[in-house]
Amino acid sequence: MIPLAEDVLAGQTRAIARAISRVENGHPDKEALIDALYPHGGTSLILGLTGPPGSGKSSLLDLLIDKERSAGKSIAVIAVDPTSPFSGGAILGDRLRMQKHATDDHVFIRSMASRGHLGGVAGATSDAIKVLDAAGFDIIIIETIGVGQTEIDIVELSDIVMLVLVPGLGDEIQALKAGVMEIGDIFIVNKSDRDDADKVKAHIEYVLNFKYMEKPDQKNPIVMTSAVKQDGINTLRDTIQTYYQTILNNGMLEQKRKQRIKAEIKNLITAKIKSKVEAFLHDQGSIEAMVDGLYEKKRSPYAIINEKLNRFLQEKQSI
Amino acid sequence: MDINKIINHKTKWEKSTLKKVLEKFPERKDDFSTGSWVPVERVAIPETFDADQYLDKIGFPGEYPFTRGVQPTMYRGRLWTMRQYAGFGSAEESNKRYKYLLNQGQTGLSVAFDLPTQIGYDSDDSHSIGEVGKVGVAIDTLEDMEILFDGIPLDKVSTSMTINAPASVLLAFYIAVGEKNGVSKDQLRGTIQNDILKEYIARGTYIFPPKPSLRLITNIFEYCSAEIPKWNTISISGYHIREAGSTAAQEVAFTLADGIEYIKAAVKAGLDVDKFAGRLSFFFNAHNDLLEEVAKFRAARRIWAKIMKEKFGAQNERSMMLRFHTQTGGSTLTAQQPDNNIVRVTIQTLAAVLGGTQSLHTNSKDEALGLPTEQAVRIALRTQQIVAHESGITHSVDPLAGSYHVESLTDKIEDEVWTYLNKIEELGGMVQAIEAGYVQKEIQDAAYKYQREIEDNKRILVGVNEFKVEDPMPDDILKVDPELRKRQIEKVTKVRENRNSDQVQQKLEALGQAAVDPSANLMPYIIDAAKSYATLGEICNVLRNEFGEHQESIVL
Amino acid sequence: MKQKLRILISKPGLDGHDRGAKYIARALKDAGYEVIYTGIRQSPEAIAKTAIQEDVDFVGLSLLSGAHNELFPEVVRTIREAGGNNIVIFGGGVIPEDDIADLQKNGISAIFTTGTPVQTVIDFIENQREQISH
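Residue numbers (the numbering used here), protein chains in the order written: chain A, 1 to 319; chain B, 1001 to 1556; chain C, 2001 to 2134.
In case anyone wonders, no lab produced these hints; they're calculated from the structure. Yeah, the Cβ is synthetic: ideal placement off N, Cα and C, and Gly gets one too. Be a bit skeptical, because a hint or two may be false.
[Said to hold, decoys possible] Output of the computed footprint for chain B on chain C, the stretches with three or more beta carbons under 8 Å from beta carbons of chain B: (1) 2017–2031; (2) 2038–2044; (3) 2055–2067; (4) 2070–2078; (5) 2110–2118.
Whole structure, please, built from the sequences with the hints as guidance.
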């Protein structure tokens, strides 16, 4: 086994951090590393935390870490922030609100820039979770960028998705209609001290009642919290636990995790073939000849493409 | 008089006289604006000749809305208080510096505390490593405070203390020193900064979250109005907001918004506005854009008077007066060619005085390099004295009033401030606006823009990005003895050994119990604990346990 | 493609003057780096652990209170002790010329005093790029 993987399994902070950098940077060792770590995972509860900017996700997370730490759990956080499309740089500022945990050896916080990946997380988030899972954290929490409706990736990455909503962002009601509701397992109405928090809750209930008309017992829980007043955090923690037990017992967790694996297999295969084919075409330098052939109507598209792919398959006996 | 006559003439002038010149000699820049990006007219003309409007907006000094100043005679009556912020190292060293300054003709004291003191840590706390005595004097117990004011007549000087989160504790120490020297509480004059909101926004020496912090402040208002009537209970500070990079209008807007929040809290706690509002004071920055700064001070007075009268229903004129201290802009000082800073400070002094300040600190030329030397402090004080006694600008009250340009700038700044105040109101008040990071973000954006302009040479800073010379840094920089922490630790250890520890324990427990009851005023308990020689850190820790600690919230 | 460099900007000690730290954080982001900002009042231990967890290439420290002679070397020590041997550490703030040599001896690779253009910092970072290994 590569030494770095051994150190990750031993729970060494520096090795875990290094391993995440390797998956993030597409290091040559990346696949070997993940393959070595993968069999040791499966013990972490993976939580997703999503919601619009300004909904107080990081502050809530900070308080949730307090509670989980008092209960003796170890926690890893991946906080994703957007990469600027102009400069390629990023300011990773979420950890600021959790910084009081920096000196706690049982809390690992990693900031991650999206690096152009759409969907609210980074391309490497999935592999980073595998590293943290193998390192043995009890709970892994992924905090998404929080730009709204396109953050569906979090569903595929986590066991339980928590969607944070707050009063005062009028367009949230729009979002509710537009299907963000589909991604939440647990709904959190944060800033419950604000006047119209109850209204937000009522809206969520309305949508959920409609959705679960047939099976009201499966309706998702809604938790009211106030990060500022530190209210509702115990309830949130209890709700997560109960929800986890429920999906564990009714087989939904297994189903979810298998779903996640299935999606990942498809994604990885597609991505890998795509990059190999692109490299092949590039190496052959034959794309220009194909363009000319098609432009001058000497060739027809499917014939030429199939011919090329067959050549690719003959030459590339393995990936 | 017909205003249109002037407007028509201006149009004519622009088409003829001006046009010809511009064709031959274009101006240096396409756009002219103030240091804070307020657009500036080439030539200002009166906007109105309406007498009612004059009386409403400008009026007379000493009368609502106080645009022209809070006293009818201003500096013809009494010059401003020259108050140099000072303090470093041990209480003994600072005491020496205060006596020096008083001998040099300074008329009030201004105490700088070191960061551990400002954040409620004793010198032997691990948080204090490296910081003891660095930016001010280290105070751990009443004993340090006794040394700090040794031989200084507390009934004669007024003392300003830059202390916020633990303001109640330092005030308690001061009261106790007074009592020991036979000066009763009602004779004490001075100010505590006591402005926690701007700590969250810009300065960073917070301890507790907003809600208990506001309670402590309200407790102080209530206690002082009954017991220390001459004490200024808060100095609502825009200075640090400006230092953090805000514009002039933001400085005023966020400061007044903080003020509104304090008044709301006190009113909610059942205090009568006119009972405490007259003891509120403000603290602003003076930057280099002279006329914008003057306009800023005038606008701030006018807006505050209106807020107090219309929003809070104040009846007493004193409640409506915005009285303020000014400090020249620390962030405008350059480490390059430090002598140039004397000139900057002079311009800023003019701004503060033309703007009607009640007291003034002038920065020393070497403060971008480290703590100021005695010689540099003297030049800074002399700058004030020259403006006071030689410049002649003190002879007439609000001498720039009626300048079309200054009046128009005053109006523009006022408009911008109201826009911010309304926005903050919409967000649910200043506490919410700060917790959401809104205020910090506005300031950061202005600071970033400013710094970019310097880097891109769009804004000239003499000696920094233009007119540069290779000059060696001066070597006469004041250094704080690195052994100071050790000595301070010895001192506080000795106090702990010699005091009656049962009594201390008892007083601290009483404070803790009072803290649980939100209706209790904590001041008497803090004073009791202070007198029993409980340390600053011990007192703050009792409150930390009860109130929790604030966590920074910013949006980058 | 060039390796994405990760930079931690932090404020040790108790001073709250974060204008410079925030400016440099934002300017480095605009220059294409991934910047982690911890906020003010960080202990050397918190900075070191953050640097390790975030696996940063650089740590930039800002301090205006005059406590740099004690705190900067302490941060270097804790980072090295935590295993961050390759992390390049630089500092800025109100730092007298006299102190710079000693700080460099104690592992601070560069000191950028008030008024340093951000390009100077970027040039410094790029010059170190070769020595960064992942």
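Here's how the hints hold up against the structure:
With a threshold of 8 Å between beta carbons, the proposed coverage of the segment 2017–2031 of chain C by chain B holds, since 8 of its residues qualify and at least three are required. Taking a C-beta to C-beta cut-off of 8 Å, the segment 2038–2044 of chain C contributes 4 residues in contact with chain B, enough for the three needed, and the coverage statement holds. Check on the segment 2055–2067 of chain C: 3 of its residues sit with their Cβ under 8 Å from a Cβ of chain B, so the three-residue criterion for coverage holds. Only when three residues or more bring their CB closer than 8 Å to a CB of chain B does the claim for the segment 2070–2078 of chain C stand; here the count is 3, and the claim holds.
Residue count for the segment 2110–2118 of chain C with a Cβ under 8 Å from a Cβ of chain B: 5. That meets the three needed, and the coverage hint holds.
When held up to the earlier numbered hints, the structure conflicts with none and fits them all.
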